[in-house]
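On the provided structure of chain C, position chain R as indicated by the hints.
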Amino acid sequence: GAGVSQSPSNKVTEKGKDVELRCDPISGHTALYWYRQSLGQGLEFLIYFQGNSAPDKSGLPSDRFSAERTGGSVSTLTIQRTQQEDSAVYLCASPRGGEAFFGQGTRLTVV
Amino acid sequence: QKEVEQNSGPLSVPEGAIASLNCTYSDRGSQSFFWYRQYSGKSPELIMSIYSNGDKEDGRFTAQLNKASQYVSLLIRDSQPSDSATYLCAVLSGYSTLTFGKGTMLLVSP
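These protein sequence lines map, in sequence, to chains C and R.
Here this note's numbering is used: the first residue of the first sequence is 1, the next is one more, and so on.
Here this note's numbering is used: the first residue of the second sequence is 1, the next is one more, and so on.
Only chain C is shown next, with the shape it has when bound in the complex:
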């Protein structure tokens, strides 16, 4: 697509439930980042994909977080057994030569 598309835009979930967040990057971009931004905070790196591989997943905060990418395109970030501290905006970025283009984000609220 022309830009980075993320879905859903907003997600409210109950503590303990699993959630899936989706990112559809810019067509032809082989790399992809996931970041998380808590209210009033900076961007926290989660994971980097090159193609379908994730050579850097050092930012995933716990084993409840996982991500995959298929066909070198769409990526899903899964959070299992959500906790209130998982509430944040989850941002996907589609970089080209280091210049990152962000989606509109998914605002996750765990109640």
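You can take every hint at face value.
Here are the computed lysine to any residue pairs in the SDA-like style, where the Cα-Cα straight-line distance is at most 25 Å:
(1) K57(C) - G72(C)
(2) K42(R) - G97(C)
(3) K57(C) - E44(C)
(4) K102(R) - S9(C)
(5) K42(R) - N10(C)
(6) K42(R) - V89(C)
(7) K11(C) - S40(R)
(8) K2(R) - V89(C)
(9) K56(R) - V13(R)
(10) K56(R) - E15(R)
(11) K2(R) - E99(C)
(12) K2(R) - F65(C)
(13) K67(R) - M48(R)
(14) K57(C) - E3(R)
(15) K42(R) - E5(R)
(16) K102(R) - E44(C)
(17) K102(R) - L39(C)
(18) K67(R) - G97(C)
(19) K102(R) - A88(C)
(20) K57(C) - S87(C)
(21) K57(C) - L46(R)
(22) K57(C) - T30(C)
(23) K2(R) - G42(C)
(24) K42(R) - F45(C)
(25) K2(R) - S58(C)
(26) K17(C) - V74(C)
These are calculated hints, taken from the structure and not from any lab test.
What follows is chain R alone, placed relative to chain C:
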């Protein structure tokens, strides 16, 4: 741990003034540097990239890089109220590690 440091602000300037935003980074091997603008409730938007020492100008924006001092800055000339936002400095290390500072909030008063 690669770090990018910015003053959180807010930096308040009157309309028409020059706003100066600064950033330092810890990884001396970093090779690419970026400034993003983030309006409240919106996603970051790339406004400038710089790769070599010196100045790079784009309209009212000038990015400055000093690798010896590990320092990056962004100057905004003729600041407008619409420039009020949080400005994020980002540094690329290796081929994939893109680290962001926490951002500086800029307030431009009419």
